[in-house]
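Enquirer: Residues per chain are reported as follows:
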Amino acid sequence: MANLYGRLGLKALALGLGTVFLVACQGSSSSSGSPQGSTEVTVWTAWGGNELTAFQNVLKPFEQKTGIKVHVTTNRDSTTQIANGIAAGTDLPDIAPATTDPIQLKDWVSKGVIKPVETALGSGFDTYVSNTYPGLVKPPSGSTGDDPFIGIIGGKHYYLMIKYQIKGLFWYNKKVFTDPAPKTWTDLLAIDPTKYGAQKLFCAGVESGAASGWPASDDLDNIIMRQSGPDVYTKWINGQQKWTSTEIKQGYQALLQMTSGNNVYGGPNYVLSTNFAKAGDPLFKPAGNFKAGCLFLEQATFQPSFFTQSFPDLKAGTDFDFFGHPSMGNSANDGNYNGFYDNYAMYNDTPAARQLMAWMVDPQAQQIWASSGVSLSSNKNTTYTDPVFKNAATVAASGTNMLITAGDYMPTDMRNAYWKSLLDATNNPSNLDSILKHLDQVQSAAYQAS
Amino acid sequence: MDQDTLNQIITAAIAVVAVPAALLGYIYGGEWVIEHLPDGVQKWIRPYFWALPAVGFATVFMVYPMLRTIVFSFRNSADTEWMNGLSCNGQPCSIFQNYIYFFTFPDTLTSLRNSVLWLIFYTLFAVGLGLIIAILVDRVHYESLAKIAIFLPVPISAVAASIIWKFMFDYQPTGTTQTGTLNAVIGLVGHDPVAWLVNSTTNNAALIFVGIWTATGFCMVIISASLKSISSEVLEAARMDGANEFQIVRLIVTPLLWPTITVVGTTMIINALKTFDIVYVLTNGAYNTDVIATQMFRQLADAKYGRAAAVGVVLFVAIVPLMLVNIRRFQQQEEQR
Numbered sequence: 001m002a003n004l005y006g007r008l009g010l011k012a013l014a015l016g017l018g019t020v021f022l023v024a025c026q027g028s029s030s031s032s033g034s035p036q037g038s039t040e041v042t043v044w045t046a047w048g049g050n051e052l053t054a055f056q057n058v059l060k061p062f063e064q065k066t067g068i069k070v071h072v073t074t075n076r077d078s079t080t081q082i083a084n085g086i087a088a089g090t091d092l093p094d095i096a097p098a099t100t101d102p103i104q105l106k107d108w109v110s111k112g113v114i115k116p117v118e119t120a121l122g123s124g125f126d127t128y129v130s131n132t133y134p135g136l137v138k139p140p141s142g143s144t145g146d147d148p149f150i151g152i153i154g155g156k157h158y159y160l161m162i163k164y165q166i167k168g169l170f171w172y173n174k175k176v177f178t179d180p181a182p183k184t185w186t187d188l189l190a191i192d193p194t195k196y197g198a199q200k201l202f203c204a205g206v207e208s209g210a211a212s213g214w215p216a217s218d219d220l221d222n223i224i225m226r227q228s229g230p231d232v233y234t235k236w237i238n239g240q241q242k243w244t245s246t247e248i249k250q251g252y253q254a255l256l257q258m259t260s261g262n263n264v265y266g267g268p269n270y271v272l273s274t275n276f277a278k279a280g281d282p283l284f285k286p287a288g289n290f291k292a293g294c295l296f297l298e299q300a301t302f303q304p305s306f307f308t309q310s311f312p313d314l315k316a317g318t319d320f321d322f323f324g325h326p327s328m329g330n331s332a333n334d335g336n337y338n339g340f341y342d343n344y345a346m347y348n349d350t351p352a353a354r355q356l357m358a359w360m361v362d363p364q365a366q367q368i369w370a371s372s373g374v375s376l377s378s379n380k381n382t383t384y385t386d387p388v389f390k391n392a393a394t395v396a397a398s399g400t401n402m403l404i405t406a407g408d409y410m411p412t413d414m415r416n417a418y419w420k421s422l423l424d425a426t427n428n429p430s431n432l433d434s435i436l437k438h439l440d441q442v443q444s445a446a447y448q449a450s
Numbered sequence: 001m002d003q004d005t006l007n008q009i010i011t012a013a014i015a016v017v018a019v020p021a022a023l024l025g026y027i028y029g030g031e032w033v034i035e036h037l038p039d040g041v042q043k044w045i046r047p048y049f050w051a052l053p054a055v056g057f058a059t060v061f062m063v064y065p066m067l068r069t070i071v072f073s074f075r076n077s078a079d080t081e082w083m084n085g086l087s088c089n090g091q092p093c094s095i096f097q098n099y100i101y102f103f104t105f106p107d108t109l110t111s112l113r114n115s116v117l118w119l120i121f122y123t124l125f126a127v128g129l130g131l132i133i134a135i136l137v138d139r140v141h142y143e144s145l146a147k148i149a150i151f152l153p154v155p156i157s158a159v160a161a162s163i164i165w166k167f168m169f170d171y172q173p174t175g176t177t178q179t180g181t182l183n184a185v186i187g188l189v190g191h192d193p194v195a196w197l198v199n200s201t202t203n204n205a206a207l208i209f210v211g212i213w214t215a216t217g218f219c220m221v222i223i224s225a226s227l228k229s230i231s232s233e234v235l236e237a238a239r240m241d242g243a244n245e246f247q248i249v250r251l252i253v254t255p256l257l258w259p260t261i262t263v264v265g266t267t268m269i270i271n272a273l274k275t276f277d278i279v280y281v282l283t284n285g286a287y288n289t290d291v292i293a294t295q296m297f298r299q300l301a302d303a304k305y306g307r308a309a310a311v312g313v314v315l316f317v318a319i320v321p322l323m324l325v326n327i328r329r330f331q332q333q334e335e336q337r
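Chain order of the listed sequences is A and B. If you read the first sequence in the numbering used here, its first letter stands for residue 1, the second for the next number, and so on. If you read the second sequence in the numbering used here, its first letter stands for residue 1, the second for the next number, and so on.
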């Protein structure tokens, strides 16, 4: 019996040690508090690669100048973790991206979790607003007051806009397409690709693992905002516009013109089977007797990195370029354009956090982003050496209404159904009506609290 | 050392000392108490005393979550209301609203249909091929080599296997070089390339095929092991009586293997119902390839916890009878020994 007790005792000890291990692991995940408010600041970022390098270059002069130590933690799931932290009452980072879910954002604001940019920047706020692209700090023209999509709630700004990308651009091979950009959608579709030695008008690739379909959703967003304007667009995001309505249906129909077998390289099956990162390859690859597989690819400002991934020798500005989205025929909506931004928000109001918030939108820091060649700065006065971003800055400056990417601000089930619907519609365009009817069904369930 | 680190060390120290101490206290203290009880009570209480920790852990980590899931399936996603307290199109919802959703919404019905397809074809082919291969390789001298070849996909994780097959199923436009192996092969015989994963007549079959590819080796190994235990005297006797090899397989080997086939078969059915990774990686349910498990995951990811719980309960109810069959089979085998 004693022997048995001895063995059981050992087992108990082992179990105890296991528990210790678990406890220790659990403990280490919750240490992200604000150490000393005036000499240190904690920042979370989701950036990696070139973006992270650029961000570190932004922080370096700040640390040298102020002597404040910035602790940067990479966290790609910060919204969930901050939401958990709020629920559990644990320490939050001083500065981190805020949620882009409008409902969650209102909740955080009402709980006082994030502090207004007005507070963080103090007297510098007005300069920040006048330096920044209007679309990032002012609601679309015509509407006044709050715009949770860009972090304006209760008349206060909660997103500090750091950098910026533009979507809905038409990329082309400069050695193949040599004419001026088409002005309207009709002009675009009237172009004969074979005249330039290209097989088809468009290239497209919408495969993206579990998120397949999103590249086409960007294209559709850009069509709908230019066909039907910001009101329909915003109502659509908020679930107040039926998918079967004429406005949305005609958007799908225009998009399906792009991916029809006549217009798209490889046909719909190829579009659905091809990863978005590889979608632009046929611009630079001969196809049969043609110089190139296609003439145009619609994608955002981040596209050049995919071009150079497949073809390392390509140079922006000499080998490829882009033009902005053509008009959909309604001149009142030509100023609408689709952008997405990276924001930061202040969670702990400390002197060091305020200083860093001010620095991140300082023209000098913004110029570091502009010179990095990875993105547009949010400051409209910076200068670009990269020809692509130089061109993108012109598009951003000429647009009047920046509209956010629709799917990103819909409830997740609506967004997923939206992305999936584009796959189904590309696959079977004749099923469009039943696909849209199904989206109405999802909509009526997605926007209810259940 | 800052306060956080210190706190962690204190917590760890308490756990190092307190948890084993509590367990040892339970064992020694409990035995001490039991030893001082009358003999009859001692005999009665001791098994319960020793089983209590195990039962306790199972209750906390398995029974409670299961019951909680069942309760959750009748509540809203925020877990604040019963479903019949909510309004559905102006009417009060049914308490079974999450289940009604599952059995009426077109997307979930497609996933239900596909899971049935998986259940039938995946199980049939994995077990059937496993059986046939096990019997065939038993009769050749390069048996172990052949078995290794068939077994190779088993240790590959389902995600890696799916990525391998993603390349195999790759599609390029007609008239260009086919980088996907399958389309290259059918191109050799002059057939146009097929978008295996997009085309809704081929995609479910393609996914199930990947499942069969990863599972056949497992079925073969188990069946083969059981095949080896059939006494060679029985087979000799049959041959002496003039039975041909086909008759031996049909009338002697297969019936003797039947208990094993049932166990392997039920395990495969459970696998088929749980299928997730292959579908998630290859199509994520697009083009009507959703299955129950990807549907459950999607509801979870969309924060529809009530609906996800309902899917989980349906899956659980479907699997329980199969597990009972399996357990009964094991018990019969134990009795035979």
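These are computed hints drawn from the structure, not numbers from a lab. The beta carbon of each residue, even a glycine, is placed where N, CA and C say it ideally should be. Among the hints, a few may not be true.
[To be verified] Reference excerpt, derived from the structure (chain B facing chain A, CB under 8 Å, subset only):
#	residue
1	Phe167
2	Pro173
3	Gly175
4	Thr179
5	Leu197
6	Val198
7	Ala243
8	Phe276
9	Ala286
10	Arg298
11	Ala301
12	Lys304
Enquirer: Evaluate each hint against the coordinates.
Expert: For each hint, the structure was consulted:
no.	hint	in the structure
1	Phe167	violated (12 Å)
2	Pro173	holds (3 Å)
3	Gly175	holds (6 Å)
4	Thr179	violated (11 Å)
5	Leu197	holds (7 Å)
6	Val198	holds (5 Å)
7	Ala243	violated (52 Å)
8	Phe276	violated (12 Å)
9	Ala286	holds (5 Å)
10	Arg298	holds (7 Å)
11	Ala301	holds (7 Å)
12	Lys304	holds (6 Å)
Hints 1, 4, 7 and 8 from the list above are not met by this structure, while the remaining hints are.
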